[in-house]
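Enquirer: Keeping their order, the protein sequence lines are chains D and H.
Residue numbering for the first sequence follows this note's numbering, starting at 1 and increasing by one per position.
Residue numbering for the second sequence follows this note's numbering, starting at 1 and increasing by one per position.
In case anyone wonders, no lab produced these hints; they're calculated from the structure.
No experiment lies behind these values; they were computed from the predicted model shown.
Errors might be hidden in some of the hints.
[Said to hold, decoys possible] Calculated from the model, a selection of chain H residues having no Cβ within reach of chain D, i.e. all distances over 12 Å:
1) Lys7
2) Gly13
3) Met151
4) Phe152
5) Gly299
6) Met393
7) Glu401
8) Tyr424
9) Arg428
10) Glu456
11) Ala458
12) Ser463
13) Ile514
14) Arg517
15) Ile522
[Said to hold, decoys possible] Heads up, simulated DSBU-like pairs for lysine-lysine below, C-alpha to C-alpha not over 30 Å straight-line:
16) H:Lys290 <-> D:Lys415
17) D:Lys334 <-> H:Lys266
18) H:Lys46 <-> D:Lys453
19) H:Lys226 <-> H:Lys186
20) D:Lys258 <-> H:Lys26
21) D:Lys271 <-> D:Lys375
22) H:Lys36 <-> D:Lys422
23) H:Lys186 <-> D:Lys453
24) H:Lys26 <-> D:Lys422
25) D:Lys415 <-> H:Lys186
26) H:Lys444 <-> D:Lys517
27) H:Lys266 <-> D:Lys474
28) H:Lys288 <-> D:Lys313
29) H:Lys288 <-> D:Lys334
30) H:Lys444 <-> D:Lys313
31) D:Lys474 <-> H:Lys444
Backbone N, C-alpha and C fix where the C-beta goes; we use that ideal spot for every residue, glycine too.
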Amino acid sequence: MTTSELQKLLESLHPLEHKVLLSFDREGALSASDILAKSGLDESRLDMASGWLQSKGLLDVKDESTTSLVSLTETGKEYREKGTPEMRIMNALKEGKQFTVKDIIQTWGMDPSEVSSTVGSLKQASLVQIAQGGVLALTATGSVYSSYDDYELIKEVFSREPAELMTFHPDQQAMLQANFHKRGKSKGIFRITEKKNRLYTLTSDGKELLHLIKERGVVTEEASALTPEMLKQGTWKNKKFRAYNIALNPPRQSIGRKHPYKEFLDFVKYKFIGMGFEEMRGPLVESEFWDMDALFMPQFHPARNIHDVYFVKNPVAAKEIEEPFGKRVAATHKDGGKTGSTGWRYAFDLDRAKRLILRSQGTAVSARTLASGPKIPGKYFSIARCFRYDAVDATHAPDFYQVEGIVLGTDINFKTLLGLLKLFGQEIAKAGEFQFRPAYFPFTEPSVELHVKHPELGWMELGGAGIFRPEVTKPLGVDVPVIAWGLGLDRMAMVALGIQDIRDLFSRDLDFIRTKKIQLG
Amino acid sequence: MPTIDIKKHDLDGLIGKKLSLSALEKHLMLAKAELKEYIEETDDLKVELSDSNRPDLWSAEGIARQIRIALSGKPEVYDFFKHGRKATREIRVSKAMKSVRPFIAACTATGVRMNDDVLAQMIQSQDKLAEIFGRKRTTVSIGIYELDRIMFPVDYRLAEPSSLSFMPLGMEEKLTLAEILERHPKGIAYGGIVKPFPQYPVLTDSMGHVLSFPPIINSREIGEVKSNTRNVLIEVTGTDLRMTMLTLNILAVSFYDRGAEIEPVKVTYPYGTEFGKVVAFPVNTAGKFKVPLATFSAGLGENVALTDVKKRLESYGHFVSAVRGQVTVTVAPYRDDIMHPMDLVEDYAISRGYDSFEPVMPQQSTVGALSRLELLSDTIRGHLVGSGFQEIMSNILCSREELEDSLQPDEQLVEVDNVMSLAYSVLRHRVIPSLLNVEAVSSKAFYPHRIFEAGEAAVFDQSAIMGSRTDLNLAALISHPGANFSEMHSSLDVLLYYLGLEYKLEPSDHALFIPGRCGKIIAADDAELGFIGEVRPEVLERRQIAMPCAAFEITLNNVLSLSIKN
Chain D
1 MTTSELQKLL ESLHPLEHKV LLSFDREGAL SASDILAKSG LDESRLDMAS GWLQSKGLLD
61 VKDESTTSLV SLTETGKEYR EKGTPEMRIM NALKEGKQFT VKDIIQTWGM DPSEVSSTVG
121 SLKQASLVQI AQGGVLALTA TGSVYSSYDD YELIKEVFSR EPAELMTFHP DQQAMLQANF
181 HKRGKSKGIF RITEKKNRLY TLTSDGKELL HLIKERGVVT EEASALTPEM LKQGTWKNKK
241 FRAYNIALNP PRQSIGRKHP YKEFLDFVKY KFIGMGFEEM RGPLVESEFW DMDALFMPQF
301 HPARNIHDVY FVKNPVAAKE IEEPFGKRVA ATHKDGGKTG STGWRYAFDL DRAKRLILRS
361 QGTAVSARTL ASGPKIPGKY FSIARCFRYD AVDATHAPDF YQVEGIVLGT DINFKTLLGL
421 LKLFGQEIAK AGEFQFRPAY FPFTEPSVEL HVKHPELGWM ELGGAGIFRP EVTKPLGVDV
481 PVIAWGLGLD RMAMVALGIQ DIRDLFSRDL DFIRTKKIQL G
Chain H
1 MPTIDIKKHD LDGLIGKKLS LSALEKHLML AKAELKEYIE ETDDLKVELS DSNRPDLWSA
61 EGIARQIRIA LSGKPEVYDF FKHGRKATRE IRVSKAMKSV RPFIAACTAT GVRMNDDVLA
121 QMIQSQDKLA EIFGRKRTTV SIGIYELDRI MFPVDYRLAE PSSLSFMPLG MEEKLTLAEI
181 LERHPKGIAY GGIVKPFPQY PVLTDSMGHV LSFPPIINSR EIGEVKSNTR NVLIEVTGTD
241 LRMTMLTLNI LAVSFYDRGA EIEPVKVTYP YGTEFGKVVA FPVNTAGKFK VPLATFSAGL
301 GENVALTDVK KRLESYGHFV SAVRGQVTVT VAPYRDDIMH PMDLVEDYAI SRGYDSFEPV
361 MPQQSTVGAL SRLELLSDTI RGHLVGSGFQ EIMSNILCSR EELEDSLQPD EQLVEVDNVM
421 SLAYSVLRHR VIPSLLNVEA VSSKAFYPHR IFEAGEAAVF DQSAIMGSRT DLNLAALISH
481 PGANFSEMHS SLDVLLYYLG LEYKLEPSDH ALFIPGRCGK IIAADDAELG FIGEVRPEVL
541 ERRQIAMPCA AFEITLNNVL SLSIKN
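With the rest of the complex left out, here is chain D:
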């Protein structure tokens, strides 16, 4: 590393790293315990700091050896205070006390299994025998017995704790091994822990950096954060602020955010507001009248089969059809009424018109707006949830949005229809090329399909439109020409969201919703 690189490294050293480096006050390797002693760090901090230093190429781990250390378990400590069970029983007998095994358990509070194994081993060593009535008694050898090796060992371990296993006499080592605490064996007396002992050396960069630190003199105080106290008392002036590693990943935040699909629909909404459109709304449950009849879709004709609908179970029918629209629409279907049309020439069924369904097309909202005395000139749009009786799959959602609307005015005609569609193409799909194709919708004449060249999707059908048939507008009380238009934006939305399955527009997966980005405009 160059000196300037080392300087930079120096700036970013953590105080813990400083302490570790400074403990190298002599040439050669230092053991972990040396460093702990010199730096005053605890083990976990040393581990952390040495890890950082190693990753920066300043420190090497030279060697690694393992030391076994012996200490007392809880049981061992208890024995040291009260004596081992053997000792306690023997001493009590020597003091002339009379007791049975049961007495020991009940009055001394010793564990039954411990008592029985202790008594068992004393018997086996012929130190104790069981006399009349289960009373314990010393044997001849027992009465002169006085060497308790294990107790001596407990005392020794206690005095040197933690003591290295290797420093004990081989016989003692064997005893320690035999009585050490193993997992699941609670009555062990000794605990043997293995301790790794590392030897650390400075790399040449490390040595140079240490040199730089020493040259510069020890920094008196380094602060990790600026505190209100420092500001109040002005003590920040004597402090140096450690440089952060700004390359680290930040923690994740939970933020408030609009739904990405809603963001797309908001974009569409604001586009329409910008083009002079007023928002209209309508109910989710519609009558066939507003969804189809008012749109001059004949009741018993294939045009009605363009899509299948969901029927409502209860109530089955609307209480009434708003008049005078019901009568006028019925007459128009039958013989054209006062619209200048021949009509569909069949007997209109008012009960069928009342049948309740889930709104199948956004045009139902337009029909209601026409009947409600709209502004002339007027432009309206709706983003309406619609339902179709389709099997649900990657391209069919159970319910979906339709973006639809109308334009009323005395200057509405086929050419202004095309003009409006071209504007939609430019504004909504950023299209530069257009194609207008003849199309069929039961409620418009002429009808047109708008195909545009989308920058990412290529040629696509953006929507359908037309001029409402007089059979639609006149019965609803509108005497000027009206453009009806509808846009299919789901494919664009899916591209903007980067998804392939239409059902993901209404995903329930919070992680998915939180992380989905949207590309607009």
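Chain D is fixed; fit chain H onto it per the hints.
Expert: Using the frame of chain D, we list chain H on its own:
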């Protein structure tokens, strides 16, 4: 709408000119048709037709006709529709047909130059007309027979289901009408049309031979057209006379286009029809329309010349005379879709080509605006996003199971009658269950969860004209180990503060919330805005949500009407 298969060489032959694929694609616009596919090895075209009101276009003959007329610039005349032609053959309708399947129309086609292409188109066109235009044979169905095997007059009458029998197409044995409905695939598919009646329709000739069992199946003996058939009887039965006649006309002109002679068949009705008791079919039912030139100019948005209108309409197939600023249009006999002068305006525009019109922006100025409800919703969405809530969007159509445990005793759901899948059988009546759906699958998303949705719900309402009303509701939900009433309450409190709404919470019971930890949100005037509470552990457990949740829901329609009042 229908997609049909055509051999390209057959189409070219009918047009009288070999068209390149790109030229064909362009010309298909005349028929509102789209080329979906062309397989060069087999010469197969797949064409999709969009106009459900132009069944004459649902065949190679129909599409070719529209293109041929455009290329020649002249409408085609079908002489056989001329009045006063003597019909030598007769079909007699029995009285009882009136209540079962009242109408029949028929004609003959002789000298048919049958081949595989012709046969394929004949079968396809019969199928599409009966399935789609005839609504699965209910309104209209078609039979085509070997003319030379029939002894006229033919009777259209009713027969006993179990006594009359014949050998139907596709079978090796004689079956009674009842057996056909039970065993024949077509009987099984379409039997429902005749089953409500005690007796079934049949066509029998003067020798007593069965021609067919309309609208189910033809007899194998008489009603099987083969590639060596030259002369046929075409018959259409139905419940709507005009649709029946139009279907016959379409088939007649198609056979004529293939070089056949069309001869009329007289049908004698015992009851009156729109066209009398004795009718020689085919009959030209097409209307005559007098349209001022100004209608075209106004509808199109530019001044058009009378001669131009005549020319364009003629090259779309209409018969036109133009005098004194007015065109008189006689529609071709195979079309019955012209109901209003605007239909002719469209025909003019299609004939001239949509790309010949310059798009013009509407000039009249209008002011854009959101509805007050949407504006309120947007304000609230902005507020909640600023408060750290993630917005959710959900399906409105869902399963009863998702909503059941959030129903109050006095609440009902708006249910679907024709359920396709139980997963989509009811409309949600509030939004909190949708947020719980999110929690149910999002335990891996890091906590805390703060989510909301401003969305529509359908509320069952006996008093409403439609039996329900659509509310725009706002629901918010928090979920994390310490989520509780007070945290949710403070979110609600600050929201209502900024909306300028005074409110109080009234202790209440709710299916969704822990008793004693739920409140009704009451605004001034005692208007109910919604509910708030800690979600019941039963509700969470049922959805396998292992994290406490608190939530509130308010009806924005009610908030709006309050703010309008104030």
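Enquirer: Against this structure, judge whether each hint is valid.
Expert: Status of each hint after checking the structure:
1. Listed as a non-interface residue, Lys7 (chain H) keeps its Cβ farther than 12 Å from every Cβ of chain D; the least gap is roughly 25 Å.
2. Look at Gly13 (chain H): its CB is around 25 Å from the nearest CB on chain D, clear of 12 Å, so calling it non-interface holds up.
3. Once the 12 Å rule is applied to beta carbons, Met151 (chain H) is consistent with being away from chain D; the minimum gap is 36 Å.
4. With 12 Å as the threshold on Cβ separation, the claim that Phe152 (chain H) sits away from chain D holds: the shortest Cβ distance comes to roughly 31 Å.
5. The beta carbon of Gly299 (chain H) sits about 6 Å from the closest Cβ of chain D, which is not more than 12 Å, so the claim that it is off the interface is violated.
6. Not every CB of chain D lies more than 12 Å from the CB of Met393 (chain H), the least distance being 5 Å, so the non-interface label is violated.
7. Non-interface status of Glu401 (chain H) relative to chain D is upheld: no Cβ of that chain comes within 12 Å, the nearest being about 15 Å off.
8. For Tyr424 (chain H), the requirement that its beta carbon stay farther than 12 Å from each beta carbon of chain D is not met, with the minimum near 4 Å.
9. Against chain D, the non-interface label of Arg428 (chain H) is violated: not every CB pair exceeds 12 Å, the least being about 10 Å.
10. Under the 12 Å C-beta cut-off, the non-interface status given to Glu456 (chain H) relative to chain D is violated; the minimum distance is some 6 Å.
11. Against the 12 Å criterion, Ala458 (chain H) falls within the reach of chain D, whose nearest CB is about 5 Å from its own CB.
12. Against the 12 Å criterion, Ser463 (chain H) falls within the reach of chain D, whose nearest CB is about 9 Å from its own CB.
13. Against the 12 Å criterion, Ile514 (chain H) stays outside the reach of chain D, whose nearest CB is about 23 Å from its own CB.
14. Annotated as non-interface, Arg517 (chain H) keeps its C-beta farther than 12 Å from every C-beta of chain D; the closest such distance is 24 Å.
15. Residue-level check passed: Ile522 (chain H) sits 26 Å from the nearest beta carbon of chain D, beyond 12 Å.
16. Of the pairs offered as hints, the one joining Lys290 (chain H) and Lys415 (chain D) holds, with about 23 Å between alpha carbons and a cut-off of 30 Å not exceeded.
17. With a C-alpha separation of about 29 Å, the suggested pair Lys334 (chain D) and Lys266 (chain H) falls inside the 30 Å cut-off, and the hint holds.
18. For the given pair, Lys46 (chain H) sits about 24 Å from Lys453 (chain D) by alpha-carbon distance, which is consistent with the 30 Å threshold.
19. Annotation: proposed proximity of Lys226 (chain H) to Lys186 (chain H) holds, straight-line Cα distance about 20 Å (limit 30 Å).
20. About 44 Å separates the Cα atoms of Lys258 (chain D) and Lys26 (chain H), which puts this hinted pair outside 30 Å; it is violated.
21. The straight-line distance between the Cα atoms of Lys271 (chain D) and Lys375 (chain D) is roughly 20 Å, inside the 30 Å bound, and the hint therefore holds.
22. The hinted pair formed by Lys36 (chain H) and Lys422 (chain D) meets the criterion: a straight-line CA distance of about 25 Å does not exceed 30 Å.
23. Proximity of Lys186 (chain H) to Lys453 (chain D) is assessed by CA-CA distance (about 46 Å); at most 30 Å being required, the pair is judged violated.
24. Pair hint Lys26 (chain H) plus Lys422 (chain D) holds up; C-alpha atoms about 20 Å apart against a cutoff of 30 Å.
25. Distance hint between Lys415 (chain D) and Lys186 (chain H) is unfulfilled; the C-alpha atoms sit about 49 Å from each other, more than 30 Å.
26. Taking the CA atoms of Lys444 (chain H) and Lys517 (chain D), the gap is near 19 Å; set against the 30 Å cutoff, the hint holds.
27. The hinted pair formed by Lys266 (chain H) and Lys474 (chain D) fails the criterion: a straight-line CA distance of about 42 Å is larger than 30 Å.
28. Using a Cα cut-off of 30 Å, the hinted pair Lys288 (chain H) and Lys313 (chain D) is violated, with the two alpha carbons roughly 45 Å apart.
29. Taking the CA atoms of Lys288 (chain H) and Lys334 (chain D), the gap is about 18 Å. The hint holds against a cut of 30 Å.
30. The suggested pairing of Lys444 (chain H) with Lys313 (chain D) is violated, with an alpha-carbon distance near 38 Å, which exceeds 30 Å.
31. Distance restraint check for Lys474 (chain D) and Lys444 (chain H): the Cα-Cα separation of roughly 57 Å exceeds the 30 Å cut-off, and the hinted pair is therefore not satisfied.
When the structure is compared with the earlier hints, violations turn up for hints 5, 6, 8, 9, 10, 11, 12, 20, 23, 25, 27, 28, 30, 31 and for no others.
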